[in-house]
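Student: Sequence:
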Amino acid sequence: MKIFLAGIMQGSHVAALVHDQSYRTSLGEIVQQHWPEARVYDPFANHTTSVGYDRRRAREVFLGHIEMCQQFDLIIAYVPEASMGTAIEMWEAHRHARVVVAITPLSHNWVVQITSRAVYADVDAFRYALKAGEIDRLLA
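Mapping to my numbering: the sequence shown position 63 is 43, numbers consecutive.
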């Protein structure tokens, strides 16, 4: 199984800043504990300096990530606030019949509602759902 960890990076920052990315380590560990054989892809791990990429490189990386979201089995989207890139990843995964699970308080957001098979308010709720087999059932 291939899992893509989508989530907020730049968000609404006006400056060339990135949100705290420590959630990626936590989610990766939670997921690997549940599915030890899964291939978990963290886009930030391979592109920690992406905020400084030129337009050509940014486009290349972003389009590559979109293609992954179209092909991977599960997209876990961490969206504590609006994220344009994550929304596009969620949309493309949804359009290609991939399972999208959102971890977000934005449960009334249309993109979240339309693209996600399940929405969890926070990481603890996601962890509980994973242990309870909810996400395995979505993938079946």
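Rather than coming from a laboratory, the hints here were simulated on the basis of the structure. Among the hints, a few may not be true.
As the list claims (entries may be wrong) - Pair ranges (Cβ atoms, derived):
id: 1; residue 1: R39; residue 2: A120; range: 33 to 39 Å
id: 2; residue 1: D53; residue 2: Y108; range: 34 to 40 Å
id: 3; residue 1: T5; residue 2: K111; range: 17 to 23 Å
id: 4; residue 1: L119; residue 2: Q93; range: 29 to 35 Å
id: 5; residue 1: E40; residue 2: W71; range: 32 to 38 Å
id: 6; residue 1: L119; residue 2: D34; range: 26 to 32 Å
id: 7; residue 1: S87; residue 2: A18; range: 25 to 31 Å
id: 8; residue 1: N26; residue 2: V103; range: 33 to 39 Å
id: 9; residue 1: A38; residue 2: D116; range: 31 to 37 Å
id: 10; residue 1: A38; residue 2: Y108; range: 33 to 39 Å
id: 11; residue 1: K(-18); residue 2: T5; range: 17 to 23 Å
id: 12; residue 1: H14; residue 2: Q93; range: 33 to 39 Å
id: 13; residue 1: P16; residue 2: R39; range: 18 to 24 Å
To be verified - 25 Å max Cα-Cα, derived SDA-like pairs, lysine to any residue:
id: 14; residue 1: K(-18); residue 2: Y3
id: 15; residue 1: K111; residue 2: N26
id: 16; residue 1: K111; residue 2: A38
id: 17; residue 1: K(-18); residue 2: D22
Predicted model, so just to flag it, every value in this text is computed and none were measured. For glycine and all other residues, C-beta sits at the position ideal for the given N, C-alpha and C.
Student: None of the hints should be skipped; say for each whether it holds.
Tutor: Here is what the structure says about each hint:
1. R39 with A120: 33 to 39 Å: holds, 36 Å
2. D53 with Y108: 34 to 40 Å: violated, 21 Å
3. T5 with K111: 17 to 23 Å: holds, 19 Å
4. L119 with Q93: 29 to 35 Å: violated, 20 Å
5. E40 with W71: 32 to 38 Å: At roughly 20 Å between Cβ atoms, W71 and E40 fall outside 32 to 38 Å, so the hint is violated.
6. L119 with D34: 26 to 32 Å: This hint is violated: roughly 38 Å between Cβ atoms.
7. S87 with A18: 25 to 31 Å: holds, 26 Å
8. N26 with V103: 33 to 39 Å: Violated - the Cβ-Cβ distance for N26 and V103, about 22 Å, lies outside 33 to 39 Å.
9. A38 with D116: 31 to 37 Å: At roughly 35 Å between Cβ atoms, D116 and A38 fall inside 31 to 37 Å, so the hint holds.
10. A38 with Y108: 33 to 39 Å: The hint (33 to 39 Å, Cβ to Cβ) holds, given that A38 and Y108 are roughly 36 Å apart.
11. K(-18) with T5: 17 to 23 Å: holds, 19 Å
12. H14 with Q93: 33 to 39 Å: violated, 25 Å
13. P16 with R39: 18 to 24 Å: violated, 35 Å
14. K(-18) with Y3: holds, 19 Å
15. K111 with N26: With Cα atoms ~28 Å apart, K111 and N26 exceed 25 Å; violated.
16. K111 with A38: Status violated; Cα separation ~36 Å.
17. K(-18) with D22: Within the cut-off at roughly 11 Å; holds.
Hint compliance for this structure: hints 2, 4, 5, 6, 8, 12, 13, 15, 16 are not met, and every other hint is.
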